[in-house]
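**Q** The primary structure of each chain is shown beneath.
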Amino acid sequence: MRVVLAEDLYLLREGLVQLLTAHGFTVVAAAETGPELAAALDEHEPDVAIVDVRLPPTNTDEGLRIALAARRRRPGLPVLVLSQHVEQLYARELLEDGSGGVGYLLKDRVLNADQFVDAIRRVAAGGTAMDPDVIAKLLTRAQPNGPVDQLTPRETEVLGLMAEGRSNAAIAQRLYMSEGAVGKHTASIFGKLGLAPSDDDNRRVLAVLAYLNSAR
Amino acid sequence: MSARLRAFAAGLELYALSLFGLLCLIPVLAMFVPGFLLGLVFLVPGPLLAVRRLTGVVRRRTGELTGIEIREPYVPAPPLPQPQADGWYQRDRQLYKRLWWPRLADRIDWVLGDNATWRDLGWLAVSPLAGLLGVLPLALPVAAAIFAPAPSPLLTFLLVAAGAVVGLAVAPQGLRVTARFHRRLLGGSVLRTDVQDVQADHRVRAWVAKASSPVVRLALLLLTSLVAIPVFAATAIALILGYGVGLVFVVPWAQADLRWLADWRRSLAHWSGVSIPSPYRPLLPLVRRPDGMFRVRKSLYKSERWASWTQRLYWVQSDPATWREFVWRGTDPIIGGLIAGVPVALVVYGIWGLILPRIVHLFVSDSPASFWYGTFFGHPGLAIPGGLILAATGVAIAPAALRLHGRWTRLLLQPAGETVLAQRVEQLTLSRADASDAAARELRRIERDLHDGTQARLVALGLRLGAIEQLIDTDPAAAKDLAGQTREAAALALRELREVVRGIHPPVLAERGLADAVRALALDSPLTVTVDIDLPMRLPEPIEAAAYFSLAEALGNAAKHARARKVAVRLDLILGERTGDPDVLRMCVRDDGQGGADPDRGSGLRGLARRLGIFDGTLSLSSPPGGPTELIMELPCVSSSPRTSTSSGKDWFSF
Chain A
4 MRVVLAEDLY LLREGLVQLL TAHGFTVVAA AETGPELAAA LDEHEPDVAI VDVRLPPTNT
64 DEGLRIALAA RRRRPGLPVL VLSQHVEQLY ARELLEDGSG GVGYLLKDRV LNADQFVDAI
124 RRVAAGGTAM DPDVIAKLLT RAQPNGPVDQ LTPRETEVLG LMAEGRSNAA IAQRLYMSEG
184 AVGKHTASIF GKLGLAPSDD DNRRVLAVLA YLNSAR
Chain B
-4 MSARLRAFAA GLELYALSLF GLLCLIPVLA MFVPGFLLGL VFLVPGPLLA VRRLTGVVRR
56 RTGELTGIEI REPYVPAPPL PQPQADGWYQ RDRQLYKRLW WPRLADRIDW VLGDNATWRD
116 LGWLAVSPLA GLLGVLPLAL PVAAAIFAPA PSPLLTFLLV AAGAVVGLAV APQGLRVTAR
176 FHRRLLGGSV LRTDVQDVQA DHRVRAWVAK ASSPVVRLAL LLLTSLVAIP VFAATAIALI
236 LGYGVGLVFV VPWAQADLRW LADWRRSLAH WSGVSIPSPY RPLLPLVRRP DGMFRVRKSL
296 YKSERWASWT QRLYWVQSDP ATWREFVWRG TDPIIGGLIA GVPVALVVYG IWGLILPRIV
356 HLFVSDSPAS FWYGTFFGHP GLAIPGGLIL AATGVAIAPA ALRLHGRWTR LLLQPAGETV
416 LAQRVEQLTL SRADASDAAA RELRRIERDL HDGTQARLVA LGLRLGAIEQ LIDTDPAAAK
476 DLAGQTREAA ALALRELREV VRGIHPPVLA ERGLADAVRA LALDSPLTVT VDIDLPMRLP
536 EPIEAAAYFS LAEALGNAAK HARARKVAVR LDLILGERTG DPDVLRMCVR DDGQGGADPD
596 RGSGLRGLAR RLGIFDGTLS LSSPPGGPTE LIMELPCVSS SPRTSTSSGK DWFSF
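Residue numbers (our numbering), protein chains in the order written: chain A, 4 to 219; chain B, -4 to 650.
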C-alpha cells in the first residue's frame, strides 16, 4: 500500500517511516512542509495520506487545509490526520463531505503500533478512524430531543465505538456481546437516525455525521 | 354570560386584595417615620417583607384567575454572614462579635436596594384606583348614580342599569387590563427604555418607545439642571463665606462634596451618544518627611489632620475641573435647561395643556378655562390641532436636542488634556501591576504543572527503561510487560503536557485564529452554544488570546453559576469611523440562566474585568434576577486609548 507522509519533526517522521515500512507499507514520499506535501499528493496519487495538521512554513493548520483541498480534487482520497490535540471542529470539517476514508487521531496513538496500523488500513479501505478523545468530548453532551437522544444507552455506546471507526467484530469484542447483537443495534441506530439502507460503510460515516451534528 | 359573571367575581376578589393593600400601606408608611427619622432602621425591613406576602398572593391569584402569569421580581436574599476564623463577623470595615447586626444590615441593604420593593409600595398606593377597571359592573353603576343629574329618579335608574349592563359586557376585558396592570408593577422593572428590546412585531409599541424615549430622557436631564440651581446657590454662598469672610473650611465641602451632580450628568451623557470620563485629578497620598512632619507645598505641619485638610483644599482649588464645574453649575440651569426644556415643554403643554383640557371641555362644559389652558391663542377650536402640532414638534426635535445637550455637557464637564494624562498614568500603573501579577501567576502555574506532572512522569519513564534494560536478557517476558506499561506512561505524560499547552496558548487559536477557536470552544462546552461571528480579519495575537480566554471564562461561568442551558455568543468588530481599521472587538455572551449575577460579589467577574483591563477593555453586565444574563466585553484592537464605558449605548434603568 502506497503512503504519502507529511510530518515536520524529523524524529517522528523517521519513526513513522520505519514503523510503516515494518508493517508492509510503501512510503512513496515523506514531506516536511506544506508545499512538499501538496506536490507529493499530486505526483504519487497514494492509497492513503498521513498528514500532520501543523506544518511549515506557516505552522498553522496547513496540513489539514492541503488534505481537505486534495480530497476536494479527488473525492474519497483516504486521509489520516495526526495532531498533538484534537478538536471537534476539525473532525467535523473532515467528515463534512460524507464520503468516508478519513481518520483523525492524536499523535499519541502512534505509540500503540498495532492499533495505529489498524486505523490506517481502515481509513485506506474507506472507513473512518476517529480518536476516542473526540468521541469522549461528544459524549459529554447530546442535545435533548435530537434524534441521538432517542437512542438507548447501549445504542449510544455502540454508536460511539462506530464513530471511532470500529468494525462490528471489534465492537462486539469491546462490549462483550455477540456480533449478531451488534448488528441488531446498528440496524436500530440506522433506523432511528433515518438512514436509508445502502452501502454499510457509507452509512456508518453518515451515522457518525448525524452524531456530530446532534451535539452542535 | 357565565364567563362575564366569573370575570366580575374574579375582579371583585382582586379588588378586595387591592383595598386590603391600601390598608396595609398605612402601617408600613407609619413605620418609616421612626425608621428613617429617628434612626430605628431595624423597624423597616419587617413590614416591607410582610408586604411581599400580600403581593405574592396577588401574583398567584392573578395568575390563577386570569391566566396572566406574574413572576417574582425580587433579588435573591443575601446569604448569612459567615464568621471569620477568629469568630468575628466582618461587614465593610467593621468587626462584630454577634451575628444579628451584620445580618440585619445585610437585610436592610437587600430590601431597600431592591427596586421591586418600591414598586410594591407603588402598587399598594394606586391599585385601588387602577383596579376599578376590573370591577366595571359595579363601578359603572355607582359612577352613574353619583354623577347622574339629580331631579329624575327614573333617568338615574336607567343610567345605573345601563352602566351595569355595559360593565358586565366588558367585564372580561376590564379584568385583563387590571391583570396586566398588576403584572406591570408586580412583575419586574417598568421603565426599561431599551428600545432594541421592544419586540419588533409590536410596531405601535416600538414606535411609541422610540418616539418617547428621547423626551423622557430629556425630562430627566431637565431635572438634573433644576437640581443644579440649589447646588450652584450653595456653592456661591460657600465661596463668598470662604474667600470673603474667611471660613475657608466650607470651600472643599461645596466644591468636592457636591460633585455628585456633575458625576450624575456625566453618567447620563451616553444617552446623548457621548462618553465623558471623570475629569478630577487624583488626590495624592500625604507624604511624611523623615523628621515626622508633613509637607504640603511650602508649609510643614505637625498634625496629620491639618496637613491632609490643607492638602485637600489645595487639591480642590488647583484643579481646573473644579472651576469649570463651578461655571457649569451656574449656567446649566439656563443653557442645559433650555436645551432639554423646550422639547419637553412642547410635548407636555401640547398634550396636557391643550389636547386633554379641550377633550374635558367637550364633556364638562362648565369647567374653568383660561387664555392659555385648553385654548390656542384664545381659539378653543384650534386647541387639539395646535396641541398635536406642538407635541409632534417636541418629539421631532427631541433627538437633536439630546445630542446638543450631550455636547453642552461635554463642553464644561470633560477633563482637560493634562488631567486626562494624569488619569491615564494612574490607570496604566494599575493595569501594568495587574498584568505583571497575572503573568507571574501564570508562569508559576505552568512551572508547577510541568514540575509535578510532565517532569515527574519523564523521570518515571527513565527509571522504567533502566529496569527494562536490566531485565531484557534475564526475563524477556517481564521486560516486554514493563515496556507496555512504559508506553502507557508516555501516553499519560503526553496527555498532561497537552493540557498544559492548552492553558498557555490554545493550539487551535494558533492554527485557526479567534473565530474558529471560539467555535471550537463552543463545541467543547457542555451547554448548547450558538456562535455568530463577524470578523473579517485576524487581530493582533495578544488581543486574540485575551479575547479567547475571556470568552472561555464567560462560558464557564454560564455553565457553572447561571444554570443556563443555551448560550448565544456574538463577536463583531466595530470599525473606526475615519480610518476603517478595527477599533473595538465586541463580545456578547447571553445565556438563559437564572440571572442575578453581581460583579461586586463574584470574584470571577472581577477577574474577567481585570483581564480585560490590561488591554483597556471593558465589561458591562445586565443580569436581572430570573435572567437572561447578558455580558458585553469590549477590547480595543489597535490604539491604547482609554475607554470608560461600553459603546453599546444600552442602558437599563428600573424604578
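FYI, nobody ran anything at the bench for these hints, they're computed from the structure. None of the values given here were measured: they were computed from a predicted structure. Honestly, I wouldn't trust all of these hints.
[Unchecked claim] Derived CB-CB ranges, DEER-like:
1. B:96 x A:139: 44 to 54 Å
2. A:114 x B:570: 46 to 56 Å
3. A:47 x B:482: 49 to 59 Å
4. A:24 x B:436: 42 to 52 Å
5. B:494 x A:179: 48 to 58 Å
6. B:427 x A:128: 28 to 38 Å
7. A:42 x B:434: 36 to 46 Å
Think of the CB as a built atom: it goes at the ideal place given N, C-alpha and C, for glycine as much as any other residue.
**Q** Which numbered hints does this structure break?
**A** Hints 3, 5 and 6 not satisfied by this model.
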